[in-house]
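Chemist: Going line by line, the protein sequences match chains A and B. FYI, in the numbering used here the residues of the first sequence are 1 to 351. FYI, in the numbering used here the residues of the second sequence are 1 to 496.
One or more hints might be untrue.
What the hints assert, rightly or not - Calculated pairs, EDC-like style, for lysine to aspartate or glutamate (alpha carbon to alpha carbon, straight line, at most 16 Å):
(1) B/K197 / B/E452
(2) B/K185 / B/D206
(3) B/K378 / B/D356
(4) B/K487 / B/E171
(5) B/K470 / B/E291
(6) B/K120 / B/E143
(7) B/K26 / B/D131
(8) A/K205 / B/E223
(9) B/K102 / B/E118
(10) B/K325 / A/D226
(11) B/K487 / B/E473
(12) B/K318 / A/D226
(13) B/K390 / A/D226
(14) B/K303 / B/E316
(15) B/K232 / B/D251
(16) B/K182 / B/E200
(17) B/K215 / B/E103
(18) B/K411 / B/D310
(19) B/K303 / B/D251
(20) A/K206 / A/E174
(21) B/K411 / B/D379
(22) B/K53 / B/D73
(23) A/K202 / B/E291
(24) A/K206 / B/D206
(25) B/K336 / A/D226
(26) B/K318 / A/E228
(27) B/K392 / A/E228
Said to hold, decoys possible - Selected chain B positions facing chain A (Cβ under 7 Å, derived; list incomplete):
(28) N24
(29) F271
(30) P320
(31) Q321
(32) P332
(33) V341
(34) L352
(35) P353
(36) I357
(37) N363
Claimed, not checked - To give a feel for the contact side, a few chain A residues facing chain B, derived at Cβ under 7 Å:
(38) Y203
(39) F204
(40) Y208
Hints were generated in silico from the structure; no laboratory data involved. Predicted model, so just to flag it, every value in this text is computed and none were measured. Beta carbons are placed, not taken as given, at the ideal position from N, Cα and C, and that holds for glycine.
Listed below are the residues making up each chain.
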Amino acid sequence: MKSLNKILTGIIGIIFSLLVGALLIKIQGNSPINAYKALYDYGLGSWFSITSTLNNSTPLILTGIAAAIAFSSNVNNLGQPGQLIIGALSAALLGYYLPFPGWFGIITILILSGIIGGLYASIAGILKKLYKMDEMLTTLMLNFIADYLTLYLATYPFLDKKSYVPATKMIKKEYFLPSFKYLNSSFFIAIFVVLISYFVVKYFKKGYEWRMMGHNPDFSRIGGCDNEQNLMWVMFYTGFLSGLAGALLILGGTQHRFIKGIGANYGWDGVMLSIVGANGILETSFFSLFFGFLKSGGVGMEFEASIPSEFIMVLQATIVLLVVSTRSVFSYYGDKIKAYSKTQKVVKAHE
Amino acid sequence: MLLEMKEITKTFPGVVALDKVSFNLKENEIHALVGENGAGKSTLIKILGGIYKPDSGEIFLNGKKVEFNSPLDAKRHGIAIIHQELMLAENLSIAENIFLGKEFGSPLNLNFHKMVEESKKYLQMLGFEIDPQTKVSKLNVSEKQLVEIAKAISSNAKIIVMDEPTATISEHETQILFEIMKELKEKGISIIFITHKLGEVYQIADRVTVLRDGKLIGTKNIEEISSEELVKMMVGREIKEMFPKYNKVQDEIILEVEDFEVIGYVAPVSFNVKKGEIFGITGLVGCGKSELALGLYGVYRTKFKKFIIDKQPLLELKSPQQALKAGIVLVPEDRKSQGLVLLLDVVQNITLPNCDIFAPSLNIKWKKATETTKKQIKDYNIKVSGEHQKVKNLSGGNQQKVVLAKFLLKKPKVAILVEPTRGIDVGAKIEVYKLINNLANSGIGVILVTSEIPEITGLCDRVMVMHRGKMIEILEKGEITPERILKAGTGLVENV
Numbered sequence: 001m002k003s004l005n006k007i008l009t010g011i012i013g014i015i016f017s018l019l020v021g022a023l024l025i026k027i028q029g030n031s032p033i034n035a036y037k038a039l040y041d042y043g044l045g046s047w048f049s050i051t052s053t054l055n056n057s058t059p060l061i062l063t064g065i066a067a068a069i070a071f072s073s074n075v076n077n078l079g080q081p082g083q084l085i086i087g088a089l090s091a092a093l094l095g096y097y098l099p100f101p102g103w104f105g106i107i108t109i110l111i112l113s114g115i116i117g118g119l120y121a122s123i124a125g126i127l128k129k130l131y132k133m134d135e136m137l138t139t140l141m142l143n144f145i146a147d148y149l150t151l152y153l154a155t156y157p158f159l160d161k162k163s164y165v166p167a168t169k170m171i172k173k174e175y176f177l178p179s180f181k182y183l184n185s186s187f188f189i190a191i192f193v194v195l196i197s198y199f200v201v202k203y204f205k206k207g208y209e210w211r212m213m214g215h216n217p218d219f220s221r222i223g224g225c226d227n228e229q230n231l232m233w234v235m236f237y238t239g240f241l242s243g244l245a246g247a248l249l250i251l252g253g254t255q256h257r258f259i260k261g262i263g264a265n266y267g268w269d270g271v272m273l274s275i276v277g278a279n280g281i282l283e284t285s286f287f288s289l290f291f292g293f294l295k296s297g298g299v300g301m302e303f304e305a306s307i308p309s310e311f312i313m314v315l316q317a318t319i320v321l322l323v324v325s326t327r328s329v330f331s332y333y334g335d336k337i338k339a340y341s342k343t344q345k346v347v348k349a350h351e
Numbered sequence: 001m002l003l004e005m006k007e008i009t010k011t012f013p014g015v016v017a018l019d020k021v022s023f024n025l026k027e028n029e030i031h032a033l034v035g036e037n038g039a040g041k042s043t044l045i046k047i048l049g050g051i052y053k054p055d056s057g058e059i060f061l062n063g064k065k066v067e068f069n070s071p072l073d074a075k076r077h078g079i080a081i082i083h084q085e086l087m088l089a090e091n092l093s094i095a096e097n098i099f100l101g102k103e104f105g106s107p108l109n110l111n112f113h114k115m116v117e118e119s120k121k122y123l124q125m126l127g128f129e130i131d132p133q134t135k136v137s138k139l140n141v142s143e144k145q146l147v148e149i150a151k152a153i154s155s156n157a158k159i160i161v162m163d164e165p166t167a168t169i170s171e172h173e174t175q176i177l178f179e180i181m182k183e184l185k186e187k188g189i190s191i192i193f194i195t196h197k198l199g200e201v202y203q204i205a206d207r208v209t210v211l212r213d214g215k216l217i218g219t220k221n222i223e224e225i226s227s228e229e230l231v232k233m234m235v236g237r238e239i240k241e242m243f244p245k246y247n248k249v250q251d252e253i254i255l256e257v258e259d260f261e262v263i264g265y266v267a268p269v270s271f272n273v274k275k276g277e278i279f280g281i282t283g284l285v286g287c288g289k290s291e292l293a294l295g296l297y298g299v300y301r302t303k304f305k306k307f308i309i310d311k312q313p314l315l316e317l318k319s320p321q322q323a324l325k326a327g328i329v330l331v332p333e334d335r336k337s338q339g340l341v342l343l344l345d346v347v348q349n350i351t352l353p354n355c356d357i358f359a360p361s362l363n364i365k366w367k368k369a370t371e372t373t374k375k376q377i378k379d380y381n382i383k384v385s386g387e388h389q390k391v392k393n394l395s396g397g398n399q400q401k402v403v404l405a406k407f408l409l410k411k412p413k414v415a416i417l418v419e420p421t422r423g424i425d426v427g428a429k430i431e432v433y434k435l436i437n438n439l440a441n442s443g444i445g446v447i448l449v450t451s452e453i454p455e456i457t458g459l460c461d462r463v464m465v466m467h468r469g470k471m472i473e474i475l476e477k478g479e480i481t482p483e484r485i486l487k488a489g490t491g492l493v494e495n496v
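With the hints as constraints, model all of the structure from the sequences given.
Modeler: Encoded structure:
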């Protein structure tokens, strides 16, 4: 019920933002109808569009729930971009150097890249534990370090000599994740991870402790939980998810190698998604699919209606703002209406 | 008549908060407003302060009908309210706080000098010797109250409303506050004084008005009413025993500490608690009693020579986990911020410290947790609509019972209760007292940390009195009198 509520308010917010988007398109002198038709055609219109939407949403799902789990545990992990890119580079290197056979290699790469992403996030946890440094700042700064460190590694030690841009060598063919009718199997891995995460947060002791820490850290401390340790675990787990997202980009994407800019905006989109999904795991995953749709449909808008692809970013930002405001407006007036109807009942009973 | 409120009615979702309540205030009067939690005291005050608008009823000020549309309106009519949670800007100086909203000088060029000078005048009226440029965050609660009062006088308030001003300050500071209230009265200011403590009503008030369940029970001159009658008016039933006491102290010692030091807060103390005993710890605000309690629970850094619990020596105490494991539980002072998650239901609140019961392996057995919660609700007589009701919607007394139920599920050996009856009504208090007795009788050593002297004299078998982070003395059963406690608590007795 609650999560349906979150999704409904989200959808209403999205409808409003599409209207605002239409206005913006109109102002620029294009036809909103044509633009949105192209968005639909390239995002959902055919089987190929649908698979491209799902493929696009794969990394978003993982970074989204990473952010959602962190924020709902009161851990301000803003390091998804860095953890993702570290995971991606690890996967690219492991994919080239690892001597294991096919499926075994794939599993090893995915798990190891996730762990490396998790360890990278844990740096912020250690800094918090030892020096009480605010994890919001450290994770944010670690993004820059990750950015330039991976760029350096791809430009110098691991550069593919045949490449014109900083890129590593392509991973072995047997580690490519297979596609079924254009739908890459990395999507299923992401869904599987969503289910596990949902289960962990809802039914595991640790997950419960994380949630309680998110609601009220004093409560969980007095209640006998080790907040510092839990913070480390949340950091590691969410870092693992982002790192895994990066690894799936390499193993499941189209490039199969680490190239400058491969992380795109997936990390930050994840942070946005967790806001739109109100930190719920299922809700965030649902909206990740929608953002994936915008990404693949945005290509269509550029092709067919010559609307710059940056427009999708404007639309995404509008969505975040409007969903958040719709939600607070709804809860405000919803409470009022509930209170009013209750009063009426009491007054009637009084008479 | 200075103020008359006639037949005020106000409804909220689900409740009639005030049902045709009339209230009046004479000039030069201290008028106590009493009643259990949820009696409608705060609602009445908020209507007077312009925060709520009444559904029906009229307000007359000096015989003229007035209508308050905003708190500012009420302020302009000379009504100042000092809320229980003080509304001061912590990072500003005293002078800046006093003149907030009515500063001297132009917006671009404030006349700080004049504000400081004027503030000095008002503070001196209150006998409060302090530099007005001191930051408010450096003051303690009772000093902050004085700043609020100075602020009220500076805006020419004719009526000052104090909402439970003595709830968070010590006995000694209360006396100082009362002196000031008397002086204000002589200067022609009328005071409405809300309190839970009946002794204070007799000490300071001229008249008393009792509310119960949103209805006016009566207004009496203070000479005309005995305390038994007053309690009866408040709770609507006889209370033979305000402090039931039937615990039996056993000979066996359950907790013994030697040279226990809370680093930075409490100098080394030594004491022991027997099975079935209610051991009190008391002292003024800031004496270190809460810190000692949190130290015993492993929240603060501590040092000790000996820490024996149920014959088992404890080697180190560094975290609440270790304390819980050793069999110590703590019911925290501030239930809203440390004891509960207000937005979640009773089950989720009760589960946390009991994960080892509900989650033997990785996952939590919510079904078992729900069943246990149901049982706890019944055992502790918690009034809820169901185990999935949000804790936010429970009354203070029931919230406190949830906190108690949560920690006592662990079957502890030592239970530390810090101010367990703060801000809850008389009926619920008695239930908590009975619970404390039952706890002790089940063989637990109970440490009751409280600043309410009647609780100490009424409940405790022995009491440790503290002053400025030091133990002054431990009073034995026969020695526990309010005078002895006050004398030790204000540091008048030398360290024994």
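Chemist: Please verify whether B/K120 and B/E143 have alpha carbons no more than 16 Å apart.
Modeler: holds, 14 Å
Chemist: Measure nothing beyond the straight line between the CA atoms of B/K53 and B/D73; if it is 16 Å or shorter, mark the hint as holding.
Modeler: Within the cut-off at roughly 12 Å; holds.
Chemist: Under 7 Å is the threshold here; is the Cβ of B/P320 close enough to any Cβ of chain A for the hint to stand?
Modeler: holds, 5 Å
Chemist: What's the verdict on B/K232 and B/D251, does the C-alpha distance respect the 16 Å limit or exceed it?
Modeler: With a Cα-Cα distance of about 39 Å, the restraint between B/K232 and B/D251 is violated, given a limit of 16 Å.
Chemist: Does B/E452 lie within 16 Å of B/K197 when you go C-alpha to C-alpha?
Modeler: holds, 9 Å
Chemist: With a cut-off of 16 Å on the C-alpha distance, tell me whether B/K215 and B/E103 pass.
Modeler: Given that 16 Å is the threshold and the Cα spacing comes to 41 Å, the pair is violated.
Chemist: Given the hint that A/K202 pairs with B/E291, does the C-alpha gap stay at or below 16 Å?
Modeler: violated, 35 Å
Chemist: Does B/D206 lie within 16 Å of A/K206 when you go C-alpha to C-alpha?
Modeler: Violated: A/K206 and B/D206 sit about 57 Å apart, past 16 Å.
Chemist: Under 7 Å, Cβ to Cβ, is where B/V341 needs to be relative to chain A, so tell me if that hint holds or is violated.
Modeler: Cβ of B/V341 sits 4 Å from chain A, so the hint holds.
Chemist: Given the proposed pairing of B/K318 with A/D226, does the C-alpha separation stay at or below 16 Å?
Modeler: holds, 11 Å
Chemist: Could you grab the alpha-carbon distance between B/K26 and B/D131 and see if it respects the 16 Å cut-off?
Modeler: violated, 35 Å
Chemist: Can B/L352 be said to touch chain A, with a Cβ gap under 7 Å?
Modeler: holds, 4 Å
Against the hints set out earlier in the document, violations occur for numbers 3, 7, 8, 13, 15, 17, 19, 20, 23, 24, 25, 27, 28, 29 and 36.
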